[in-house]
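Residue numbers (this note's numbering): 1 to 570.
Think of the hints as simulated: they come from the structure by calculation, not from any bench. Mixed in with the good hints, there may be bad ones.
Estimated spans, in silico, between C-beta atoms of each pair [what the hints assert, rightly or not]:
1. ARG39 x LEU147: 46 to 56 Å
2. LYS280 x ASN164: 39 to 49 Å
3. LYS319 x ILE295: 43 to 53 Å
4. ILE569 x PRO482: 34 to 44 Å
5. ILE295 x TYR333: 45 to 55 Å
6. ASP208 x ALA274: 21 to 31 Å
On a predicted model such as this, the values are computed, not experimentally measured, just so you know. No residue lacks a Cβ here, since even glycine has one placed at the ideal position from N, Cα and C.
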Amino acid sequence: MNKLKQRLSSSELFVKILLVVIFCIVITSFFTLSIVINRSKKTYIDTYQASTLILLDKIQKDYDSLNDNVNRIFDLADNSQVVEDYLTAQNDHSGTIIEFIKQMESTRSIFEGTPSNLMLIGKNGKTFVQNGGIKKQSADNFLTSELVNKLNESQSISQYVYQNSGPTTATEDQSGILYVRKLTHNKSVFGYAMIFIAEKDFGAIYEDLLSDTFHTVFIVNPDNQVISSTNKKVLGQTLPKKFFQETNESVTKVPLYSYHFTLYNTVDLNTLIANMNLIKPTILIAVFAIILVSIFAFFIIRKATAPIYQLIEHIPAVKQGDFSQKVDVAGTYETRQLGLAYNMMLEDLDSYFRHILETEADKRLIELHSLQLQIQPHFIYNTLTAIKFLIWQNENDRALEALDNFIHLLRYTLSNKDEFVPLNQELHEMTAYISILKLRYGNRIQFSQFIDESCQEALIPKMILQPIIENAYLHAFPNEQPGLIQLFARQVNSQLIIEIIDNGIGFQTTETDSLNSDTLKTAQLHYSGVGLNNIQERITLIYGQNATIRIESVSEKGTQITLNIPLMIP
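Please construct the entire structure, taking both the sequences and the accompanying hints into account.
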């Protein structure tokens, strides 16, 4: 995640331009897509509703045909002398009813296989049930029922009534429409004709044409009672009038004049639109186009900004002082001019800094040589005096050994021009130096060293340890006091830690001090006339801020000097 953030941050110009272009493409595509989809929806809905109106017109005609067929059967029964004789006579007319059955044979189906289920009930108590049905209500109960009373009170000769249960044992578990017709002779009612059509047969007229996936159909009577619907749960219920307000274009009202019923067709627009199979492909095409254009824009923008990022990639090298990283002059006119100016600037900077570096290198060599040659004159004087004293005492062997060590030390100091030497070599040269110091201090001061194997070949500045060791001999053990000086070297991560510890008199400090603290300045600790500042200046010239020298001292306990420099293994 951090790498991704860093990558985006380093490509800010490219990312911003690309995002702006993609944003504009997406916004344009969004508005275009919205317009196309909205117009497509409207066209699709209008077309679908137009086709639905054609179907509704057919449904209206089919219900008219059904009503005509029912009335034709009723007329046949009403005009049949056989029926009148059967329903008015008091005696049994078996032959008469058999003849009527033959007449009604052609009316067993009233519409596309829907059985007529004709029932005749006369005021004489006689009944007739077509298609072998068995009535579940006696003639006397029917003639005194509320239905017959309302029909007799009405001026109309027929009525259409919704019933939760059919009039025969075969239809008693079915809801449906009961057609009732008065049978009259000379305006005198002698009986009643009924045809019961189950709701499933009545609703089949629209269910065969209108899919219940999109359509919800309600057929209601003048009291808004649902007598048929695709939603069977609302059959027989009275729906509020506001439910059918035509404020919603998805509701279509179709009057069924023959019945005084109203058909309401409700279209689920959301489901209809979802079934368009247009929105998803359109969106996919738009997304594909956006991706394609974005990829094209990506390569165009990257090509246009590549010279700028090439220049940016070379800037860190310039910060590090590398002025050879010139950029290719390419791209647009603006980027080519920028590249030319950048390359000319690098040439000028390279020439200028090369001159400065050469000057600073010469200056640094002079300073290092000067620091290396700052050996106290009184050390040379004291050493030569000690050798002279040994010769005067006829200790020629010791004098010869001391003179050899002194010559060896001078040759190492003055002749060896190497700036860095391995740690083990530096310690070997310090052995000769310590031998010279023993001429003056004897063996009361012991020296030991503990070096990790991994640090033996580590490179350190030449003669960096000599001033510290000499200081311990000069100042840590006054008044012929015996003592011990120990040197430790170890590796910690990528640093070389060198510690020089003595158990001399030390001096009082309040805390661990760095070289620049006032406590160290007042300690007046000098290393062969060079001092700690000499060491600090040398390691600063060599390592910069990557090296430190620290001193810790406790009065009457001793002093510890720690040199921390970068580890360099040849």
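Would you say the C-beta atoms of LYS319 and ILE295 sit inside 43 to 53 Å of each other?
-> Check failed, 35 Å falls outside 43 to 53 Å.
Between ILE569 and PRO482, does the beta-carbon spacing fit 34 to 44 Å?
-> Holds: the Cβ-Cβ distance is about 37 Å, inside 34 to 44 Å.
Should the hint that LYS280 and ASN164 are 39 to 49 Å apart at their CB atoms be regarded as holding?
-> 45 Å Cβ-Cβ, so the 39 to 49 Å window holds.
Falls inside 46 to 56 Å, the C-beta gap from ARG39 to LEU147?
-> With a Cβ separation near 54 Å, ARG39 and LEU147 satisfy 46 to 56 Å, so the hint holds.
Using the C-beta atoms of ASP208 and ALA274, is the stated range 21 to 31 Å upheld?
-> holds, 24 Å
Falls inside 45 to 55 Å, the C-beta gap from ILE295 to TYR333?
-> Once the Cβ atoms are compared, 26 Å apart, the range 45 to 55 Å for TYR333 and ILE295 is violated.
Of the numbered hints given earlier, the model fails hints 3, 5; all others are met.
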